[in-house]
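Asks: Chains Z and L supply the protein sequences, listed in that same order.
Counting from 1, position 178 in the first sequence corresponds to residue 178 in our numbering; the numbering is continuous, with no gaps.
Counting from 1, position 77 in the second sequence corresponds to residue 77 in our numbering; the numbering is continuous, with no gaps.
Just so you know, these hints were derived from the structure itself, not from any lab.
Just so you know, even glycine gets a beta-carbon here, dropped at the ideal spot from N, CA and C.
Certain hints may be false.
Ranges between beta-carbon positions, derived for each pair [as the list claims (entries may be wrong)]:
| no. | chain 1 | residue 1 | chain 2 | residue 2 | range |
| --- | --- | --- | --- | --- | --- |
| 1 | L | R98 | Z | A193 | 14 to 22 Å |
| 2 | L | H153 | Z | R75 | 21 to 29 Å |
| 3 | Z | T70 | L | S122 | 38 to 46 Å |
If we take Cβ atoms under 10 Å as the criterion, some of the chain Z residues that face chain L in the derived model are [to be verified]:
| no. | residue |
| --- | --- |
| 4 | L34 |
| 5 | A54 |
| 6 | I95 |
| 7 | T96 |
| 8 | A99 |
| 9 | W132 |
| 10 | G242 |
Far from chain L, some chain Z residues (derived; all Cβ distances over 12 Å) [what the hints assert, rightly or not]:
| no. | residue |
| --- | --- |
| 11 | S59 |
| 12 | D62 |
| 13 | K85 |
| 14 | G105 |
| 15 | A109 |
| 16 | I129 |
| 17 | T133 |
| 18 | L164 |
| 19 | H181 |
| 20 | L209 |
| 21 | R213 |
| 22 | V220 |
| 23 | L241 |
| 24 | D248 |
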Amino acid sequence: MTMSSISSLNNSQYIGDDEQLAEKRQRRQLVGLLTPGAVWLFAFLLLPMFVLLAMSFNSYIDAQIINEFTLENYRRIFTEPVYGKVVLRSFTIAITVTAVTLLLGYPVAHFIARKTSKYKDLLFLALIIPFWTSIVIRTYAWKILLGNSGMVNYLLREAGLIDLPVQFLFSTSAVVVGLVHVFLPFMIMPLYASLDKLDPSLEEAASDLGANRIRTFLRVTLPLTLPGVAMGSLLVFILALGSFLTPDLLGGTNTLMISNVIQAEFLESGNWPFGGAMAVSFLCLSLVFIFSYNRLFRFDQ
Amino acid sequence: MTRDLPQRLLTTLVYVFLFMPIIMVVVMSLNASRYSVFPVPEWSFVWYEKALEDETIGAALKNSLVIALVSAVLATIIGTTVSIALVRFRFRFQNLVRSAFMSPLIFPEMILAVMLLILSASLNLQGGFWIVVAGHVLVGLPFVITVVSARLHGFDSSLEEAAQDLGANEWATFRRITMPLALPGIIGGGLLAFTTSFDNFIITYLVAGSDVVTIPIKIYSMIRLEFSPKLHAFSTAIVFMTLCLLFLYRMVLRRQASY
Numbered sequence: 001m002t003m004s005s006i007s008s009l010n011n012s013q014y015i016g017d018d019e020q021l022a023e024k025r026q027r028r029q030l031v032g033l034l035t036p037g038a039v040w041l042f043a044f045l046l047l048p049m050f051v052l053l054a055m056s057f058n059s060y061i062d063a064q065i066i067n068e069f070t071l072e073n074y075r076r077i078f079t080e081p082v083y084g085k086v087v088l089r090s091f092t093i094a095i096t097v098t099a100v101t102l103l104l105g106y107p108v109a110h111f112i113a114r115k116t117s118k119y120k121d122l123l124f125l126a127l128i129i130p131f132w133t134s135i136v137i138r139t140y141a142w143k144i145l146l147g148n149s150g151m152v153n154y155l156l157r158e159a160g161l162i163d164l165p166v167q168f169l170f171s172t173s174a175v176v177v178g179l180v181h182v183f184l185p186f187m188i189m190p191l192y193a194s195l196d197k198l199d200p201s202l203e204e205a206a207s208d209l210g211a212n213r214i215r216t217f218l219r220v221t222l223p224l225t226l227p228g229v230a231m232g233s234l235l236v237f238i239l240a241l242g243s244f245l246t247p248d249l250l251g252g253t254n255t256l257m258i259s260n261v262i263q264a265e266f267l268e269s270g271n272w273p274f275g276g277a278m279a280v281s282f283l284c285l286s287l288v289f290i291f292s293y294n295r296l297f298r299f300d301q
Numbered sequence: 001m002t003r004d005l006p007q008r009l010l011t012t013l014v015y016v017f018l019f020m021p022i023i024m025v026v027v028m029s030l031n032a033s034r035y036s037v038f039p040v041p042e043w044s045f046v047w048y049e050k051a052l053e054d055e056t057i058g059a060a061l062k063n064s065l066v067i068a069l070v071s072a073v074l075a076t077i078i079g080t081t082v083s084i085a086l087v088r089f090r091f092r093f094q095n096l097v098r099s100a101f102m103s104p105l106i107f108p109e110m111i112l113a114v115m116l117l118i119l120s121a122s123l124n125l126q127g128g129f130w131i132v133v134a135g136h137v138l139v140g141l142p143f144v145i146t147v148v149s150a151r152l153h154g155f156d157s158s159l160e161e162a163a164q165d166l167g168a169n170e171w172a173t174f175r176r177i178t179m180p181l182a183l184p185g186i187i188g189g190g191l192l193a194f195t196t197s198f199d200n201f202i203i204t205y206l207v208a209g210s211d212v213v214t215i216p217i218k219i220y221s222m223i224r225l226e227f228s229p230k231l232h233a234f235s236t237a238i239v240f241m242t243l244c245l246l247f248l249y250r251m252v253l254r255r256q257a258s259y
């Protein structure tokens with residue numbers, strides 16, 4: 001579908017018939033280059049999407065998946081309050097995580113971009129290390145840190161703040177802490193990129209003209225780095241909204257998020273049509289969110 | 001300087017926050033006690049010995065390496081051809097094609113996983129090696145395309161045109177000009193695809209079935225079922241391995257900068 005027309009060519013020195021011949025050859029080359037990728041996308045993304053959609057309209061009777069059209073699965077999602085609650089909880093957690101990573105990440109990105117030249121590379125590398133480290137390991141590590149005999153409880157006890165260990169795990173706050181830890185680098189990196197591109201002389205000019213630090217930040221730095229803020233926030237929000245592992249390991253039964261509920265339908269209850277309907281609804285929700293966010297963001301620019 | 005103190009302090013605390021969990025895993029791997037107690041009562045290497053004796057850990061490592069290698073090679077080949085098409089050609093719906101290849105990044109991963117699970121069930125595959133590889137290639141592609149495209153943008157296409165003017169055919173041009181110049185990007189993209197596959201949990205967890213146990217799956221089941229400190233020793237080794245890969249990646253990129 002995409003290779004039907006080639007408007008500009010790399011080799012423009014051919015003329016007349018030669019040009020047509022070259023165009024044909026280029027088109028053949030392009031088709032050859034895109035075919036393996038297109039086949040992969042079709043077989044493992046587009047086709048599975050239709051299979052999922054078809055599954056979501058199947059019936060589930062007596063623990064059997066029956067090939068009979070129904071809208072019952074969707075009716076349940078939109079009428080049973082428990083699912084609305086899961087969606088609301090997931091949004092609340094994802095928004096909280098986005099806000100916390102933004103508030104923590106901005107000063108850090110600003111520090112790396114502006115305040116240090118000696119440690120710049122080292123600090124940036126240190127941001128990438130958690131990104132490369134297995135998320136399963138990074139998440140279960142919080143179980144050790146926040147456990148009853150873990151370091152956090154030890155430090156609090158030594159500081160005389162508590163007598164008995166505090167039960168941190170299996171709560172919403174443990175999930176938020178774990179998610180902030182996993183996604184903080186995803187916020188800092190785009191923020192750093194937009195701060196690094198911003199010419200420091202603009203900030204200097206503002207302060208030369210008498211603006212104090214807060215005014216300089218609010219009127220110059222922040223508005224000019226909004227693309228980085230928007231990018232980092234979208235990334236963290238979307239990733240946090242879909243998280244499975246952190247609520248699974250650090251949360252309890254009342255901190256389950258959308259992905260946990262979908263996973264349970266597929267691997268535990270075996271009601272694939274219903275799980276499928278949830279997956280389709282979640283996918284539509286994320287796509288609508290991303291498109292409207294992009295629209296809104298382009299308006300601002 | 002003192003005006004920067006709060007910011008400096010916050011930055012330090014954020015880095016402590018980022019690294020403390022990983023450091024704690026390393027500390028606990030050297031803890032002689034069965035329980036993760038802080039401060040550590042007694043130090044020992046016993047859990048490393050126990051982890052080395054555990055054959056299921058070795059099997060998981062082998063599975064992960066094979067799957068990551070096959071996925072990375074496939075993702076690199078497919079991603080490189082797509083990148084060449086996207087950077088060196090102009091065609092209709094080009095932006096749409098680019099977005100389609102980047103889209104696995106914005107799909108919630110659980111949804112990709114259940115899509116592949118249903119696909120594998122309707123093909124009567126019962127999970128297994130190839131459907132896992134299919135999923136890992138899908139999520140590795142965006143990384144390869146990003147890195148290789150950046151590299152292809154980085155050198156002048158007139159080098160390729162000159163080779164063709166001098167009579168080289170497309171394959172010779174690719175082999176002698178494009179490939180060597182793009183090589184750091186191709187290797188870098190391949191390493192990224194390798195790590196994404198090596199660390200992948202959700203897709204493997206849903207589609208693999210019980211036969212294919214990779215490292216993240218093994219760690220997860222150890223957390224869930226046995227919670228032996230062998231887990232910490234094993235995880236420390238894995239963190240060390242991925243760090244080595246990261247430094248390799250940085251070295252490749254540095255070579256790229258020197259062109």
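Asks: Take the hints in turn and mark each one as holding or not.
Replies: Here is what the structure says about each hint:
| no. | hint | verdict |
| --- | --- | --- |
| 1 | L:R98 with Z:A193: 14 to 22 Å | 20 Å, holds |
| 2 | L:H153 with Z:R75: 21 to 29 Å | 50 Å, violated |
| 3 | Z:T70 with L:S122: 38 to 46 Å | 18 Å, violated |
| 4 | L34 | 5 Å, holds |
| 5 | A54 | 9 Å, holds |
| 6 | I95 | 16 Å, violated |
| 7 | T96 | 16 Å, violated |
| 8 | A99 | 15 Å, violated |
| 9 | W132 | 5 Å, holds |
| 10 | G242 | 3 Å, holds |
| 11 | S59 | 16 Å, holds |
| 12 | D62 | 19 Å, holds |
| 13 | K85 | 18 Å, holds |
| 14 | G105 | 8 Å, violated |
| 15 | A109 | 9 Å, violated |
| 16 | I129 | 7 Å, violated |
| 17 | T133 | 6 Å, violated |
| 18 | L164 | 16 Å, holds |
| 19 | H181 | 7 Å, violated |
| 20 | L209 | 19 Å, holds |
| 21 | R213 | 8 Å, violated |
| 22 | V220 | 17 Å, holds |
| 23 | L241 | 7 Å, violated |
| 24 | D248 | 9 Å, violated |
Taken one by one, the earlier hints fail for this structure at numbers 2, 3, 6, 7, 8, 14, 15, 16, 17, 19, 21, 23 and 24, listed in ascending order.
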